[in-house]
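These are the residues of each chain, in order.
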Amino acid sequence: QQQVRQSPQSLTVWEGETAILNCSYEDSTFDYFPWYHQFPGESPALLIAIRPVSNKKEDGRFTIFFNKREKKFSLHIADSQPGDSATYFCAASGTGYQNFYFGKGTSLTVIP
Amino acid sequence: GALVYQYPRRTICKSGTSMRMECQAVGFQATSVAWYRQSPQKTFELIALSTVNSAIKYEQNFTQEKFPISHPNLSFSSMTVLNAYLEDRGLYLCGARDRTGNTGQLYFGEGSKLTVL
Numbered sequence: 254q255q256q257v258r259q260s261p262q263s264l265t266v267w268e269g270e271t272a273i274l275n276c277s278y279e280d281s282t283f284d285y286f287p288w289y290h291q292f293p294g295e296s297p298a299l300l301i302a303i304r305p306v307s308n309k310k311e312d313g314r315f316t317i318f319f320n321k322r323e324k325k326f327s328l329h330i331a332d333s334q335p336g337d338s339a340t341y342f343c344a345a346s347g348t349g350y351q352n353f354y355f356g357k358g359t360s361l362t363v364i365p
Numbered sequence: 007g008a009l010v011y012q013y014p015r016r017t018i019c020k021s022g023t024s025m026r027m028e029c030q031a032v033g034f035q036a037t038s039v040a041w042y043r044q045s046p047q048k049t050f051e052l053i054a055l056s057t058v059n060s061a062i063k064y065e066q067n068f069t070q071e072k073f074p075i076s077h078p079n080l081s082f083s084s085m086t087v088l089n090a091y092l093e094d095r096g097l098y099l100c101g102a103r104d105r106t107g108n109t110g111q112l113y114f115g116e117g118s119k120l121t122v123l
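Going down the list, the sequences are from chains A and B.
According to this note's numbering, the stretch in the first sequence is residues 254 to 365, in order.
According to this note's numbering, the stretch in the second sequence is residues 7 to 123, in order.
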């Protein structure tokens, strides 16, 4: 069973638009939800993360919206820039030493 | 800040030979290290989760005999790909988890890209 589902697989937006990437998860005990971005030739880097104590987390142009009841969370990238073009991965994990489960990634292209 | 160094960055090896990769956590204590393989399609496969002072847990389709892992202390982990063949190609990533709080962040190393000829 796939623990984390991510959509869309690819997304193209114009510069200045808001890109919205979506994820859902299965295990209600998960309590840590990070987003990573990965540029070609590089390893994934942590972008922003949220825990269920809040339903929104902002960091500059990046915002996570979290819906615990529906087990969904999304990444909104406001004022998208061409430099944001990358593959984005959502993930989910529980407490302690549990595994991180990753979505299959969204390839984002921002057109100038 | 927290950093994870992983090396080598790239290895080209002949079929049937082995490749060892190492992962060093700097600036934090890595109480658990997860080894992943990322396919060309970008999908992550978890190979194993290694927690200091606990048995290493391998995922289905991955074995200790093929991917032996050592995690001797809170800053270092290594994994070897034994008898590598074409299907073992990919980007291998170590993810070190810090011990801050109960739900620590996962930091990735730079990755070790394996090419098998």
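Be aware that a few hints might be false.
[Said to hold, decoys possible] Listed next, with one range per pair, are the computed distances between beta-carbon atoms:
no.: 1; chain 1: A; residue 1: G269; chain 2: B; residue 2: N59; range: 30 to 36 Å
no.: 2; chain 1: A; residue 1: P293; chain 2: B; residue 2: E93; range: 22 to 28 Å
no.: 3; chain 1: B; residue 1: R26; chain 2: A; residue 2: N308; range: 21 to 27 Å
no.: 4; chain 1: A; residue 1: E279; chain 2: B; residue 2: N59; range: 42 to 48 Å
no.: 5; chain 1: A; residue 1: I364; chain 2: B; residue 2: T121; range: 18 to 24 Å
no.: 6; chain 1: B; residue 1: Y91; chain 2: A; residue 2: N320; range: 25 to 31 Å
no.: 7; chain 1: B; residue 1: G33; chain 2: A; residue 2: F292; range: 21 to 27 Å
no.: 8; chain 1: B; residue 1: Q35; chain 2: A; residue 2: T362; range: 35 to 41 Å
no.: 9; chain 1: B; residue 1: L88; chain 2: A; residue 2: S263; range: 20 to 26 Å
no.: 10; chain 1: A; residue 1: R258; chain 2: B; residue 2: G33; range: 43 to 49 Å
To be clear, the hints were calculated from the coordinates, so they are not data collected in a lab.
Keep in mind it's a predicted model, so treat the numbers as computed, not measured.
For each residue, glycine too, the CB sits at the ideal point set by N, CA and C.
Verification of the hints:
Distance hint for G269 of chain A and N59 of chain B: a CB-CB separation of about 51 Å, inconsistent with the stated range 30 to 36 Å. For P293 of chain A paired with E93 of chain B, a C-beta distance near 23 Å keeps the hint of 22 to 28 Å intact. Between R26 of chain B and N308 of chain A the CB atoms are about 44 Å apart, so this pair departs from the stated range of 21 to 27 Å. The hinted window of 42 to 48 Å between E279 of chain A and N59 of chain B is violated, with their beta carbons roughly 29 Å apart.
A beta carbon spacing of about 33 Å between I364 of chain A and T121 of chain B contradicts the range 18 to 24 Å that was offered as a hint. The hinted range of 25 to 31 Å is not satisfied by Y91 of chain B and N320 of chain A, whose Cβ atoms lie roughly 44 Å apart. At roughly 22 Å, the beta-carbon separation of G33 of chain B and F292 of chain A lies within the given 21 to 27 Å, and the hint holds. Hint check: Q35 of chain B to T362 of chain A, Cβ distance near 38 Å, so the stated range 35 to 41 Å holds.
For the pair L88 of chain B and S263 of chain A, the beta carbons lie near 36 Å from each other, so the given range of 20 to 26 Å is not met. Taking 43 to 49 Å as the suggested C-beta distance range, the pair R258 of chain A and G33 of chain B does not conform, at roughly 33 Å.
Consistency with the previously given hints fails for numbers 1, 3, 4, 5, 6, 9 and 10, ordered from lowest to highest.
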